[in-house]
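Guided by the hints, dock chain U onto chain G, whose structure is given.
Going down the list, the sequences are from chains G and U.
Following our numbering, the numbering of the first sequence begins with 4 at its first residue and continues without gaps.
Following our numbering, the numbering of the second sequence begins with 503 at its first residue and continues without gaps.
To be clear, the hints were calculated from the coordinates, so they are not data collected in a lab.
Among these hints, one or two may not hold up.
[What the hints assert, rightly or not] Output of the computed footprint for chain U on chain G, the stretches with three or more beta carbons under 8 Å from beta carbons of chain U: (1) 82-93; (2) 108-118; (3) 226-233; (4) 236-243; (5) 248-262.
[Unchecked claim] Sample of chain U residues lacking proximity to chain G, with all beta carbon distances greater than 10 Å (derived): (6) SER513; (7) GLY540; (8) VAL589; (9) LEU606; (10) MET651; (11) ILE676; (12) PHE677; (13) VAL812.
Every residue gets a Cβ at the ideal spot worked out from N, C-alpha and C, and that includes glycine.
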Amino acid sequence: MSFEFLLLQVLNGLHHGLLLFLVAGGLSLIFGLLGVVNLAHGSFYMFGAWLAWWASGVFGSYWLALPVLLVLVALGAFGLERALFRYIYDKPHLVHVLLTYGLVLLLDEARSLLWDDDVHGLEAPPPFARSLELGEDLPDYPVWRLVVSGFCLLLALGLWWLSSRTRFGAAVRAGVERREMAEGLGIDTPRLFLLVFVLGATLAGLAGALATPIASVYPGLDAQVLILSFVVVVVGGIGSLSGAFFAALVIGVADTLARDLVPAFAGVAVYLLMFAALVWRPEGVLAKRN
Amino acid sequence: MFLRSATRRNSVRQAAASDASHESFTRLRNLASRWRDGPAPLVFLLPPLLVATWFVPDYDLQRLAKFLIFAILAMGLDFLAGRGHLVSLGQAGFFAIGAYSFALLAGTCDGEPLLSLLLGMLVAGLIAGGFACLAGVPALRTRGVYFLMVTLALGQMVFYALHDIPLFGGSDGIFVCASPRAIEVLSLSGSRVYYLMTVASFGFAVLLFWCLRRSFFGTLLGASATAEVRLAALGYAVLPIRLAAFTLVGAVAGYAGALEAMRFRFVNPELATWHLSGLLLVMVILGGRNRLWGAVLGAALVIGLEDLLVYWFPDHWQIGIGVLAVVVALFLPNGVLFFARRLSFRRLGVWLVRQKESPLR
Chain G
4 MSFEFLLLQV LNGLHHGLLL FLVAGGLSLI FGLLGVVNLA HGSFYMFGAW
54 LAWWASGVFG SYWLALPVLL VLVALGAFGL ERALFRYIYD KPHLVHVLLT
104 YGLVLLLDEA RSLLWDDDVH GLEAPPPFAR SLELGEDLPD YPVWRLVVSG
154 FCLLLALGLW WLSSRTRFGA AVRAGVERRE MAEGLGIDTP RLFLLVFVLG
204 ATLAGLAGAL ATPIASVYPG LDAQVLILSF VVVVVGGIGS LSGAFFAALV
254 IGVADTLARD LVPAFAGVAV YLLMFAALVW RPEGVLAKRN
Chain U
503 MFLRSATRRN SVRQAAASDA SHESFTRLRN LASRWRDGPA PLVFLLPPLL
553 VATWFVPDYD LQRLAKFLIF AILAMGLDFL AGRGHLVSLG QAGFFAIGAY
603 SFALLAGTCD GEPLLSLLLG MLVAGLIAGG FACLAGVPAL RTRGVYFLMV
653 TLALGQMVFY ALHDIPLFGG SDGIFVCASP RAIEVLSLSG SRVYYLMTVA
703 SFGFAVLLFW CLRRSFFGTL LGASATAEVR LAALGYAVLP IRLAAFTLVG
753 AVAGYAGALE AMRFRFVNPE LATWHLSGLL LVMVILGGRN RLWGAVLGAA
803 LVIGLEDLLV YWFPDHWQIG IGVLAVVVAL FLPNGVLFFA RRLSFRRLGV
853 WLVRQKESPL R
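Next up, chain G with everything else stripped away, as it sits in the complex (with noise of 0.2 Å):
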């Protein structure tokens, strides 16, 4: 295994831990601010990436596909929180749990009903649809790779922005901090409830759209990146955006290499990575220290 190969494998999971944070960093506001338990965050990555599939297959291309698919699941989180999640913010976790379990279930068997249980791919979109060639030895690396990389970046730093530039992010963290206390000073906490729910469902499924064209879509994709997204929260620390960043970078990394590394223990490395980091620090290894 040449060190070229090993960068490569780094790159790799940056890739791979960009998307996660995607789903992670909405994962862990949801906990922060509402503080319940949303096993079917990872459902709405999976309805991201088939729906990817099947709209560029209805409308003929991946761009048309992007918006109208970031609508539905936009719109699909809305009624979700109006019709059931605000009804159990209050409950205790053992009530969220079930609730959310019961979600991912029916969002599964929705998914099965309205497609099937195949493996599905999908073409990168157009003016990305090329590979660079890198050398004799090492494998191409597709550009698309490349440029969601770097699309998810300027999301993550555009969500740096939104959380410490403006008055909505102001609201959040302060939501996050002390929820009584917003509510006092007037922040209408169900809206910006509402608002966040919707706007971490609509970047996870954001992160599965934009996934689909190189992985495939199949079923079970849901919880495995829902449990991979609590790796993330544990380690980075709820309610973090930042946390979740540095975390998502490090499990995604972690998660890659271990794969070429030690093949047998590639499904544990990451939750080996997460006990030690908890044995270090049971709070999160990049949250605040009280």
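Showing chain U alone in chain G's frame:
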């Protein structure tokens, strides 16, 4: 240390009782709750289960055994989540560890078949308990939502370990390689023996969790959830209490896993899937949490419903479980037993107390 032991115990009991869900019971309601939370219903439950051995066809015995195994698992999870507020989503991991341990160990002992099977089950439980103890040290440093996510990751880690490490046979799994004589016990003609072993295990599990709930340890666990600071102030270390409960319940899950391995004589990584852990939580809440029989009732309802659903909609039966989970979360968050109590026990109790305490008597 400075308080006398009995005084300290009373303080712990008071600390535990400060939880809003522990109300002060009237004598009659106390009696009703002793019925509800004691092992007495076993008297009515065991005879039909035993009689079923000779009158129910093999396939249905298998389904009954599945219910009993899940009831054992759910009772354990209820002790953790209901009493100790340790909502674990990783119980399937310990279940699978027990099942795999049994599958790998069953062949190593070629003595009296029943005894060797029993030994295998106990060792499987011990191994799962050992893993729970190891994993519990870092996992129990976390609280609430973190604990939930960490245990979910734990279960997933077991899944991948079983899936990726060559010894465990990948996604195909491995066969339970018991000795020929032991296989004879488990074979179709001997499946009644297996069923009776499951019923006995269930009975023991009920007694075990009943004792644990009544014991001082059970009180300590409850207090560690609801009055952690007061417990620490009384000189108790909270982590060992939680770790002991987590280890014990992990061991029970491993034992149940060994029973499950015997049921199919075959194990695969699907035993560790997180859907199983989720289903266990549905059982615990549906039945009524922190109630000895709540978990059993929940297991019966969920397994029964699953059977019907698989029969009616073989391809999309999970819709029914999903709807059930959502409905329970929204409308029955305290479970069926609580609902039933509101309907009958409370009113009956109040009525009886009034009869007894009326000044005209």
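Original post:
Which of the listed hints are broken here?
Top reply: Structure breaks hints 5, 8 and 10.
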